[in-house]
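Novice: With the hints as extra help, turn the sequences into a complete structure.
Going down the list, the sequences are from chains A and B. Be aware that the first sequence starts at 965, since it is given in our numbering, and climbs by one per residue. Be aware that the second sequence starts at 135, since it is given in our numbering, and climbs by one per residue.
Source of the hints: derived by calculation from the structure; they are not laboratory data. Any given hint might turn out to be false.
[To be verified] One-sided and incomplete, this derived list gives chain A residues near chain B with beta-carbon spacing under 8 Å:
hint : residue
1    : 1054
2    : 1057
3    : 1067
4    : 1180
[Said to hold, decoys possible] Label pairs and their computed distance ranges (CB to CB):
hint : chain 1 : residue 1 : chain 2 : residue 2 : range
5    : B       : 344       : A       : 998       : 36 to 44 Å
6    : A       : 1038      : B       : 279       : 35 to 43 Å
7    : A       : 1131      : B       : 328       : 35 to 43 Å
Quick reminder that beta carbons are idealized off the backbone N, C-alpha and C, glycines included.
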Amino acid sequence: MKKFTCRHLVFFCLRHAVLAGFLLATAYPLVWMAMTAFRTEGDAQARPLGLPQQWVMTNLAEVLRSGEFSSAYANSLMLCSASVAIAVVLAALAAFAFAQLRFRGSHVLFLLFLVGMMIPVHVTLIPLNRLLGVDGLGIKGGLVALAGPYIGFALPISILILRGAFAALPPDLLDASRVDGCSAWGVFRHVALPLSRPALATVVIFNFLTMWNEFAFALTLLGPGCETLPLALTRFKGEHDIQITQTSAALVLVVIPLIIVYVFAQKHIIRGLTAGAVKE
Amino acid sequence: MNSHRLTPYLFILPALAVYGLFVAFPILDSFRMSLLHWESPLLPPEFCGLDNFRLLASDHVFWRALGHNLLLLVGSLLVQLPLAILLAFLLYYPTVGRTLFRTAFFAPMVMPTAAVAVLWQYVYEPGNGLLTSLLRMTIDPDFSHAWLADPKTAPLWIFVTICWQYTGFHTVLMMAGLSSIPTECFEAARIDGANEWQVCWHVALPALRPTIAVSATLSIVGSLKYFDLVYLMAGGLPEASREVLATYIYRLAFDQNQGRYGYGSAVAVLLFLVALAIVVPLQARRLLNRSGEERAAGSSRGRAA
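Specialist: Spelled out as structure tokens, the structure:
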């Protein structure tokens, strides 16, 4: 072990000071928001910094009672669960073909899917508005309208992640199951899927988070009275702009579940976010 | 695999159908719509050739929006990445509460950008926002500044918010990259008499290059996808100062029922082409490499058989 010198001590302290500075810059806005949610409006106007003079629950209660938020919660939960479930099934099927089956055009088809990951989704706002509107499928305005684009844009990244997992399955095992008479479907169902649980978890968690946070499609395709959580939050802010405590309470209600998921599923979230650029 | 020739296509078909209908078809459709002109959202459109694109060429809001996207791209590379590398280096040494730092730095990344926008609108609130209150407490008790209303500086404050959200993400990437470098490299350099600065600069940084490439790729691809933050935070600015390409598309088509679907589609087509022009060079080498490897693998397999 090296000797612990004065220089080490200075470096140690300096390093922690810089890190603490950045920690403060990152966390303080969040902490401030959380504390504002528990202040009285007068307190927030008079002493916006520091600890609340008096911790009150009325803001949270008020937001929950207003009803917009609970229905937005239910909407987001329903929409995202259903879309994720469908997206994962579709992506797993396709990824299995790309990873384990040989067929003509596989390269071109795979590239076609990758394009969807690289382009900004906003390119499709106007045509999707037409496709889902009265001249097309006629489902614009309701939650169902969002499922199609959500699933469609979840497919590329999901296929990419799952293809990687399926391609890494032990070849001996796959050969053995084929010798035992498994069809492609059987191999997929009984070998590939059960052995790829971590990748499936990544796909589920990452897509859920992405859809839960999505804003542009919801803003464009949902009608009045039907909101997902991010949309409800921004509308709430618009209506209660002056009441910083109430909007903060709404923010807290949106962010808390995410922070909990994040603490438990950090690894999956990071893997999903980087899948698009990591070399295979 | 001893299965029918059609089996692979059956596996792909459901995904392809959904993807085709909700992603590929709309992209193609935007090309078609970019050639149309809507006199009003209620009337049927007329074919107008490339008129929309001619109009775009002299539309200064469009050029400013494109400029904002490029500024965001360059700014992200020059600010977020170096900061992330610095933080990752600092955290590489034995640190009290490293997990806490990492978790906290990354946390803004999992928030909805809409929530980030709402939060930071309050940070920048002129009356009793966080930043104003801090400055009142420390510098000038009468300080007041409408952070998000001044067209000259507001984009900068929005960029600060963007850095707040994404720097931690790049930091976590860099930390993972650093930890995958064998420690022997650093030890060897130290034994050869390098000081810590030289170890970081001449050994760790070059070894980190693949991770930096990943970060840069994500940053570049992401810089064209900004919508939520800019749409929500820059709403109060004059038209030319507030747009990036994605928000311009949205506002042209949907804001106050403007209904300029054709013109908006022309912007969308250009956004699509810009994205391709940026992504293809970034990813081409990787894709070529991969097909090269597969070909090599295939031919060696053929020889073995």
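Novice: For every hint, state whether the structure bears it out.
Specialist: Now for the hints, and whether the structure bears them out:
For residue 1054 of chain A, the suggested interface contact is upheld, since its CB lies about 4 Å from the closest CB of chain B, less than 8 Å. The interface hint given for residue 1057 of chain A is met, as the beta carbon of that residue sits about 5 Å from the closest beta carbon of chain B, less than 8 Å. Given hint, residue 1067 of chain A at the interface with chain B, holds; its Cβ is 4 Å from that chain's nearest Cβ, closer than 8 Å. A cut of 8 Å between beta carbons decides the hint on residue 1180 of chain A: the least distance to chain B is about 5 Å, and the hint holds.
Taken as a hint, the range 36 to 44 Å holds for the pair residue 344 of chain B and residue 998 of chain A, whose Cβ atoms sit roughly 38 Å apart. In this structure the supplied range 35 to 43 Å holds for residue 1038 of chain A paired with residue 279 of chain B, their Cβ-Cβ distance being about 40 Å. Hint check: residue 1131 of chain A to residue 328 of chain B, Cβ distance near 40 Å, so the stated range 35 to 43 Å holds.
When held up to the earlier numbered hints, the structure conflicts with none and fits them all.
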